[in-house]
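A.B. asks: Given the structure of chain A, go ahead and fit chain B onto it with the hints provided.
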Amino acid sequence: MTQGDSRWMGVGSSAGPDGEKAGMRAARAALRDRGDSRLIVVFGNPRHDLTAVLRGITKVTGDVPLVGCSTSGEFTAAGPIFDGVVVAAFGGSGFQFETRAVEGISRCPREVGAEATESAATLAEGGHTAMLMLMDGRVERQEEVLRGAYDTLGASVPLIGGCAAPSPVNDTAFLLHEGRVLTDSLVTVAMRSEAPFGIGVAHGYEPVGDPILVTRSGPGRILELDDRPALDVYLDRLGASEEAYRDPQAFGLFALAHPVCVDRRSGREARLISGADFASRALTSPADIREGGTVWLSSSSTGTLLDAAGSARADAVRSLTGEPLGMLAFDGVGRLMMLGSESGPENEIRRLSGGNAEFPIAGCYSAGEIARSRGFNGFHNYAVAVLAVG
Amino acid sequence: MSLASGVGATHLLAEFVALMASVSDERRAMQVAAEHAASAAEAEVCAVLRDGEVVSVGFPRRECPADLMRELAQSGVRRAHLPGVGECHLAVATMSGEVSGHLLLARLQDPFSPDEISLLRATARVLSLSLTMMETLAAERRLREHSDQQAAENARLLRELEARQALVEALRRIEAAIARRDPLREVLDTITEAGHLLLHAQTSALRLLAAPDSDDLRLAAVAGATETELGRRVARSAAPLTDAAMSHRRLVGVDDGSNELPGTAATMSCPVMENDVVVGALTIGRASGQAPFTEGDREALLALADHAGMAVTDAAAVRAVHEAQLDPLTGLPNRAMFTGRLEQALLDAHDRGETAGVLFIDLDRFKPVNDSLGHAAGDALLTEVARRLRSCLRDGDTSSRLGGDEFAVLLPGADVADAVAVAERVSGQIRSPFEVLGNLVHVSASIGVAVSTAGQDAAQVLHDADIAMYRAKKLGEGETQVYVPEMHADMLNRLQLETDLSTALVHRQLVTRYSPVIDLASGSVAAVTVAPYWQHPQRGLLAPEEFLALSAKTEVGGRIERWLLAQGCRELAAWRKAGGTTAGLHLRLEAHQLTDERFRAAAQNVLGLNGLTPGDLTFEVSAQVLADEAEKVSAHIARWQRDGFKIAVRDFGSAPFALADLCGVAPDLVKIDLAGSTPALPPEARRRLIAAARQFSDVVVAQVVGTKEQIPELIAGGCRYGEGGVLSSPVSAADLAREFPAKDGQD
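Protein sequence lines correspond, in order, to chains A and B. Start counting the first sequence at 12; every next residue gets the next number (our numbering). Start counting the second sequence at 346; every next residue gets the next number (our numbering).
Excised from the complex, chain A in its bound form:
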């Protein structure tokens, strides 16, 4: 933990099987008996009873505002923790946080995005602001949520956040707000600090081959690529195994490792292919892949992914005036698969934490990442998005 001015940020974690105890331990580690806590951010593995986790944390933090989400894994500077709990605590009079939770995101994503970010208006004038957004990763039209937020906030407030990863047990993603565990929701924190926030995002995927024309698409679905069924074009081009053509699980794993890229002025962004409709031979994606546009198939390597992590940290820290108090990191779960189970994740964490094993970074493996510090776009897949707290 690093302390600057009166503000502070601490991170704690626990990997114990008992949710409540894990919560308590992680919270104690994050607070370390420091007073004036202002915000608690929780990344909890959905294998835990998150209600119990919350109970444990609040036993330590009391009524300090709390947000959080379920993840596909968590990490601190010490390394990845699967099946654990990571708690980040922010304190000190230099911070102001306003939390809000709005349900019904799958039905009205743009409206929920707009409503949940209205809390920014309650922040005091002056200082630096950012909006932390945690949302259900299973909903479609996730970019619409950000457009709703942009409607409310305009370009003046940077956005950071990620999508709650679903539990492999019941395919349900959870959001945490105060003492409640929510689904189909958006949880936000309007943040104000005396020092700047820095945001960085990068993915490390490169396009492969020729661009493919999206000849027919609809909300959440790519129906045709190059005038052929999208599923077949996708698998054919990537030389997928026979199994992936017919087995949803095999396809899921394959698709996780093979995002498509869309063209952006600043480069190509990776987009998750979340599934397939074998009957209509369509691909499904929570991202908005528009008809008439082009996509590329993509590939990555451990090196490019790790470089991307370093780049994201660098971009985030660059706008700070000094060393960061700490970081929140949202790391696309697809990247975790590419980084492998050996040292890849640890190496990435080291890139994110600047090699400092004590650096207060709270990270999660997410089902979508949010980072907008300039321009209009802010939704990412297969990216690592970093909020550096100056």
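In short, the hints are calculated from the structure, not lab data.
The calculated label-pair distances, taken between Cβ atoms and stated as ranges, are:
1) B/GLU432 - A/PHE289: 47 to 57 Å
2) A/GLY263 - B/PRO456: 42 to 52 Å
3) A/ASP221 - B/LEU474: 28 to 38 Å
4) B/VAL362 - A/GLY138: 42 to 52 Å
5) B/PRO456 - A/GLY137: 29 to 39 Å
6) A/GLY138 - B/ASP412: 25 to 35 Å
7) B/THR355 - A/ARG329: 29 to 39 Å
8) B/PRO456 - A/ARG329: 16 to 26 Å
9) A/GLY263 - B/VAL362: 28 to 38 Å
Partial chain B-side listing against chain A, Cβ under 8 Å, derived:
10) HIS356
11) VAL362
12) ALA383
13) ALA386
14) PHE404
15) ARG406
Stretch by stretch, here's where chain B covers chain A in the computed footprint (C-beta under 8 Å, at least three residues):
16) 158-168
17) 271-279
18) 300-306
19) 384-393
Yeah, the Cβ is synthetic: ideal placement off N, Cα and C, and Gly gets one too.
C.D. replies: What follows is chain B alone, placed relative to chain A:
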């Protein structure tokens, strides 16, 4: 990297075109364009500026500096400070054509490349075209909507028109039914049925007051529901909406159903008026889920209720007319209605070159039935006669009770043969015994038949039939006579006679004639029976039979009676004074005189003036009068007797009567009619007749003694006196005076 020209820009534009194709709303198109342009250029801000309208991204909601953006778009500056965003590079593209305006991009980092500006312009053109198309489509849509609205309005008007036409047609049918005088029940059924169909009702019910002053209602007609309750009486409180409509005298309605029509939701009720008096209400109910009633529905209900009122009012009027034109006892048309139908039949007959037949029917012996068995029996007899009359007739024939025991029958298109055939049927039917209140009664009908001739009116034809009936009556009971013009002449003669009679009194043309009542054993005059004779200037001396019947019930008749009484008493007194006789005076008396108190007083007065006593006078009453009106006259007879007058029963044995009818009187003498029976009674019968007469009085007088050989037989049988026939002819007072020996006669 900067936006590549070529594939990237082309595809971004293609994406945008595809996006534009997916939106149809102009404002949404501007929003999508702003977002797409900002996204493609990674710009913080994009604004679409049209006439007075700005759509932007990059500013918090409602915080877009629209004026600044418009100013920047038109100024062409490349950099500007935007509130909340910072110092930005700018790029502007102009939308031209039918939709004009600007597309303005603002980015914090990096100035816009020519390719980006080119893409922005292309985007602006696509947007302009899209907006133009949308405006056109919107205009078309508005036109179409207007057209659709117009079509919908036309359809609504058409439906209204059809509904109104259906209503008008229904009302016309109802009016026609009322005009045709269809049965009220059928008219009301038509009305409730129309309410059910035209108002799309579940139930349509018409309730009317059970009676004018009743608090109960009866279900007069119903449609759309079971008719099992038809006619059932309920209290007004059980039909609350009907009650409310009747009480408030206006249309009332509820949206959530009433208890009155089960299973209905919207319900309304409208009062039904008969001559401005509320007599019921028409109530309509719709099932739940059906549309509420409209103003048009309410107007339709008002019209239907109005027509129900018309039907009820008309039916009441018809009933009143009907009742006024029908004989209340028998239900047959009365004289007025009969005359009206006869008039019509005569017109029809004239048009078709046909004739119409009329029967004038007078019951024989009705009076005794009425008097002996009471009015109820008389009424029952008349009712049954009416029924039998009807049974003899065809459809289209009319039977009528003209009054009393007089009936008439109209036979349109009938000739004489037809009419006689009907008359015979009627006669036969009436001759059959009637059972009246437990009594077997025999009556007959005297029938006059007349058939119309060209130019006759109803009164004339009926008069002809009356004349024929009169002739039939003269012939005896149960006779039928067909009118011939000679009868009319006879009638005229009679009328002339009647006129002449009244002058006869004035001109002293009436004279007395006396029939002596002879003591058969001694041959002496026991009494004299006085009768009026008419010394007619042209026709000579007329016997009383030739004119008395005519005058019997007229004022002249009364005057003749009084004259005869006075003259007889005067002449008797003169004889007495002359000492020629002590014989009494016999005088016929009609039934009405028996009951006439003034006549009795006049008689006493005359007697007193002439020095006579009541015992000098014997009033003869026909046995038929006693039989016909026994009950009525018996008390009067007793009264006359109490006053000292003597009463004789005459025509005993010839007039139809029952012995029982005489049991109520105690005559002072009985005159038996030996000549009235045809064929003449054999001696044994005469003996029995005398014996029968003697059951009532010891003094028996034989009227009209046929032969001198009968005299010993009469004396032997107990009949001591005789008159007329071989004994004497009526003689004048002067002639009689000459024959009176000076000795005592019978009392």
